[in-house]
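Asker: Each chain is listed here by its residues.
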Amino acid sequence: MAVASLAPASRATGAAADPVSEREVDYYESLPGARIQCHVCPLDCTLEDGQTCFCRTRTNVSGRLRTRAYNNPCALRVEAIEKTPLNHFRPGSKCLTLGVGGCNARCLYCQNWEQSQALPEEVARFELTPQRAVQAALDRDIDTIAFNYTEPVAFLEYALDIAKLAKTRKLNVVCATAGFINPDPLIEFAKYVDAFVVTIKGFNETFYHDVLGIRLAPVLLAVKTIRQRTASWLEIAHLIVPAHNDDLKQTRELCAWVCSEVGPTTPVHLARFVPAYKLDTLPQTPVPVLEEALRAARQTGLKHAYLANVAPHPAANTCCPRCSRPLIERGGFDVLKRSDDHGQCPGCRLTLPGVWD
Amino acid sequence: MRRSRVGLRGLGIWLLVAASPAGAVPPQWVDRAQDRDDWQRLFTLDLLEHLQLNKAQLAKLLPLYEEACRLRVEFYEHQRDAIQLALDAYPPYRDEKKLDRGITPAVEERAVKAHSRIKDLQIDFDGAMSELQQQVVETVLTPAQRRFAEQYEPSRARLIEEARGDAPHGKNGGDQRSAASRKGDAGVGHHAFRQQNGPTMKDDRQGEGRPTSRQGALENRLDSLQEELKEIEQFSHPRAGTLGKLVLSPPCAQVLYQGAGRAMPQIVQQAIRIEQSGTKDYPKPRMEQELRRVLDLKNEINDWNLVNGLRLSTSQIAYLEQAGLAADVARAQQQANRAPQQWLDTELRRLEVAARAVLQPGQRKVLDGFSTCFKGKPNLRDPVRIGQANNGTALEDWLERARTLDDESLQRAIEHRVDSEEKRLLGPMTDRERDGRVRMLRSATVQARGMDDVDFALNRTDLAKSAGVVSRAFEINKEMDKVRAELGEPGKITRLMFTDGFRAAIAERARQLRNPQLARGAPVAGEIKAENCDRSCALPKSESK
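Protein sequence lines, in the order shown, are assigned to chains A and B.
Counting along the first sequence from 1, when you hit position 16 you're at 168 in this note's numbering, and nothing is skipped either side.
Counting along the second sequence from 1, when you hit position 459 you're at 958 in this note's numbering, and nothing is skipped either side.
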């Protein structure tokens, strides 16, 4: 058999001629002297002409704020929805997942730091318009598009345009975010997003300042905003980092806050830290520590606390909170066994919160 | 004829040879082997006696024998270094596995290096011995000797029987000759041919008629799987067979050199000394003790790989501990009461079924996919994490690289990959199988190259799955476990989990689970601070253009 000599199309790398797209940012304010203040995220960056936001994705071009993160995802794959992580939103389904270079946080332990801590044009990337992204999902019978890997707030304009188009084609849209976003853009974006996973990375401002470079209060506000002012499904993730936020008291406080402010039926994913980026000398979170945190989460009243990044573990299963019957059994991101009836427990007939079909 | 040949009788090695029937082992030698547990030497002498090498053959054999001695001496020296390396590197690696908090890269690197050193050393030595054996077969032995040597299987029971004079020989020997001997192949004593159909020969069960019962069919299936597994192992790690292990071993030296009428060269003497007592710097008992320690550590590491992969809860651990204890009790009872093996097998199977029942579906999947390993399977030691980008399989990455190659390089890359798969995963392939594999990879690559980047990114997982292969040895082992289960024999759970090592590991894990502080370790000072936009949020212009 002859080998096809079709020249392979390779992904673009390095700086393009004009890395700034024509897409204008929706939330910014013009200030005197061609200065601009961005209002997408709580950093509210003030930019001179030619300057770029802290997120590395929005640039003041002669008094107009334009995004560099458009049509150029750096990561693109078909993934299990459990990897988002969403355990109560169409379990076992697949989603076309993408992320773009750049981020408005500086997490010391970012697992995707090569992409998130770079300008969008600095990393290998695909050419993918919103139309093509939606069409690619439809062509493969994938009914969900997910924004993940890097921070969607940093590529909000692109994500919003994809989401809007996806909704016109009856696709689901889900988003994993650190939630460091101002309420107005969040509410607008949420109109097109079926489910959010917000990672509350710690529960004190010092941790947020020292380890992530951002603030906690706006994140909590974003979580409450999603719950109270949008129709989107919400799950919470929390990465437990040894020696940084693995204090049980802090985990309890976080879970108690979720219970009281967002509701005890909100699924919470307690995730295992794996050394990465600038915290690569830390150990992985010991499983007994995660299990201790899980117990604490359940003691605070959370009905659906999960462990993530630990597979296999019974705490990845979805169980009926009333009769404890395992309804969805998982191995890693795979659903191995499902015995719920559209989210209803066949034992005690309790319907679990979530989007099941 | 016999006097011109160099068997043990010709050399006077067997003192009581005259009292023994032709080819039979003198009872005193069997007693001695039993007393000293030195059967290797007796098997060697037995094989030589049957081969009856002539002087011309000996002259050809000795240079090969000396080369084997040189290899042995070298191997011992290198082994010493490798063992020391492992003794230094394995304990910290094991300790980190115990804590299950990830492995420090430097610790892992050292341990894996030491592990590879030991493994490679053995592979190189075995490979070289295998080649020497091949040379012996091709340049020294007659076809009849070759056939005999290929089928010779050391058996204590046979030697004991023969020494007692229980086994039929002599006048019956002629009746049991192989076709080759009937054709008149000279040079091998009658006794040798009798062995071909004897109870200890490899093809003992061949030609005994087809099994009629289901059990017989299953046993045959198990045998053929074992044979296939052996063939794969021999392909990926060639080892000398019985001939090489016996004829090229130090116990042969005296017979060979006396037979040839030559003095033993120094290298041979050195090999004998090493075989008997090691070297002055590194006595054999110490080497054996340290090697045992290395093997124990390796087993311990493997146990921790499984324990970490399974993520057992305290209640599961309690149950598995009980099941393990019950397995021990059953084994002890069987020994004490001399109960039949079948009784023990049934007991162990019952316990296995019960132990499996306490595992979650995900844990069962891990157990089913688990094979003995030093590093641990990538999906267990470093599972893909939520939100993680770039987590493709090795074949996905290979396909991605293959997309960028020109035709010639691609052809080479495919050939190289198939060679490596043959060696590591599939075992020896026929030309047809190889062509099929090449075609499959080429087709996947052609598809991958025909896609643009977006299509490839979205199809790479499926494409890699369609072109992937699974280790044949793993598949065979899996099937063997299935057949064993049908035969009522114990399987993987008994092998991996009803052991002292596994029980010790889960007991340790239970302690950690009861007291998370044990696993937490010392706090690490967070000295690095994240970049922050306390003063000015904007990136400098120089960074954003």
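Among the hints, erroneous ones may be present.
[Unchecked claim] Here are the computed lysine to aspartate or glutamate pairs in the EDC-like style, where the Cα-Cα straight-line distance is at most 20 Å:
| no. | chain 1 | residue 1 | chain 2 | residue 2 |
| --- | --- | --- | --- | --- |
| 1 | B | K876 | B | E799 |
| 2 | B | K744 | B | E566 |
| 3 | B | K1028 | A | D399 |
| 4 | B | K797 | B | E660 |
| 5 | B | K876 | A | D486 |
| 6 | B | K876 | B | D896 |
| 7 | A | K246 | B | E787 |
| 8 | B | K964 | A | D486 |
| 9 | A | K489 | B | D867 |
| 10 | B | K964 | B | E899 |
| 11 | B | K991 | B | E787 |
| 12 | B | K864 | A | E481 |
| 13 | A | K319 | A | E340 |
| 14 | B | K1028 | A | D293 |
| 15 | A | K246 | B | D961 |
| 16 | B | K876 | B | E607 |
| 17 | A | K430 | B | E576 |
| 18 | B | K1028 | A | E266 |
| 19 | B | K744 | B | E730 |
| 20 | B | K612 | B | E566 |
| 21 | B | K1028 | A | E174 |
| 22 | A | K430 | B | E1030 |
| 23 | B | K981 | B | E726 |
| 24 | A | K430 | B | E1026 |
| 25 | B | K977 | B | D844 |
| 26 | B | K744 | B | E787 |
| 27 | B | K612 | B | E595 |
| 28 | B | K1028 | A | D362 |
| 29 | B | K964 | A | E266 |
| 30 | A | K455 | A | D492 |
| 31 | A | K316 | A | E174 |
| 32 | B | K864 | A | E174 |
| 33 | B | K874 | B | E608 |
| 34 | B | K981 | B | D722 |
Note that these hints are calculated values from the structure, not bench results.
Asker: All hints, please: hold or fail.
Answerer: Structure-based check of all given hints:
1. B:K876 <-> B:E799: Cα-Cα ~16 Å, so holds.
2. B:K744 <-> B:E566: 14 Å, holds
3. B:K1028 <-> A:D399: 19 Å, holds
4. B:K797 <-> B:E660: 39 Å, violated
5. B:K876 <-> A:D486: 17 Å, holds
6. B:K876 <-> B:D896: 18 Å, holds
7. A:K246 <-> B:E787: 54 Å, violated
8. B:K964 <-> A:D486: Between K964 (chain B) and D486 (chain A) the Cα gap is close to 16 Å, so the pair holds against 20 Å.
9. A:K489 <-> B:D867: Within the cut-off at roughly 17 Å; holds.
10. B:K964 <-> B:E899: This hinted pair holds, its Cα atoms lying about 14 Å apart.
11. B:K991 <-> B:E787: Violated. K991 (chain B) to E787 (chain B) sits at ~28 Å, over the 20 Å cutoff.
12. B:K864 <-> A:E481: Holds. K864 (chain B) to E481 (chain A) sits at ~12 Å (cutoff 20 Å).
13. A:K319 <-> A:E340: Within the cut-off at roughly 14 Å; holds.
14. B:K1028 <-> A:D293: Violated, because 44 Å separates the two Cα atoms, which is more than 20 Å.
15. A:K246 <-> B:D961: Distance of about 13 Å is within 20 Å: holds.
16. B:K876 <-> B:E607: This hinted pair holds, its Cα atoms lying about 14 Å apart.
17. A:K430 <-> B:E576: 43 Å, violated
18. B:K1028 <-> A:E266: 18 Å, holds
19. B:K744 <-> B:E730: 18 Å, holds
20. B:K612 <-> B:E566: 28 Å, violated
21. B:K1028 <-> A:E174: Roughly 35 Å between the alpha carbons, so the hint for K1028 (chain B) and E174 (chain A) is violated.
22. A:K430 <-> B:E1030: Holds - the C-alpha atoms of E1030 (chain B) and K430 (chain A) are around 11 Å apart, at most 20 Å.
23. B:K981 <-> B:E726: 16 Å, holds
24. A:K430 <-> B:E1026: 11 Å, holds
25. B:K977 <-> B:D844: 18 Å, holds
26. B:K744 <-> B:E787: 19 Å, holds
27. B:K612 <-> B:E595: Judged against 20 Å, a Cα distance of about 16 Å means the pair holds.
28. B:K1028 <-> A:D362: 5 Å, holds
29. B:K964 <-> A:E266: This hinted pair is violated, its Cα atoms lying about 27 Å apart.
30. A:K455 <-> A:D492: 16 Å, holds
31. A:K316 <-> A:E174: 18 Å, holds
32. B:K864 <-> A:E174: 50 Å, violated
33. B:K874 <-> B:E608: Roughly 10 Å separates the two Cα atoms, so the pair holds.
34. B:K981 <-> B:D722: Given pair K981 (chain B), D722 (chain B) holds - Cα atoms ~13 Å apart, limit 20 Å.
Hint check: violations occur at hints 4, 7, 11, 14, 17, 20, 21, 29 and 32; the rest are consistent with the structure.
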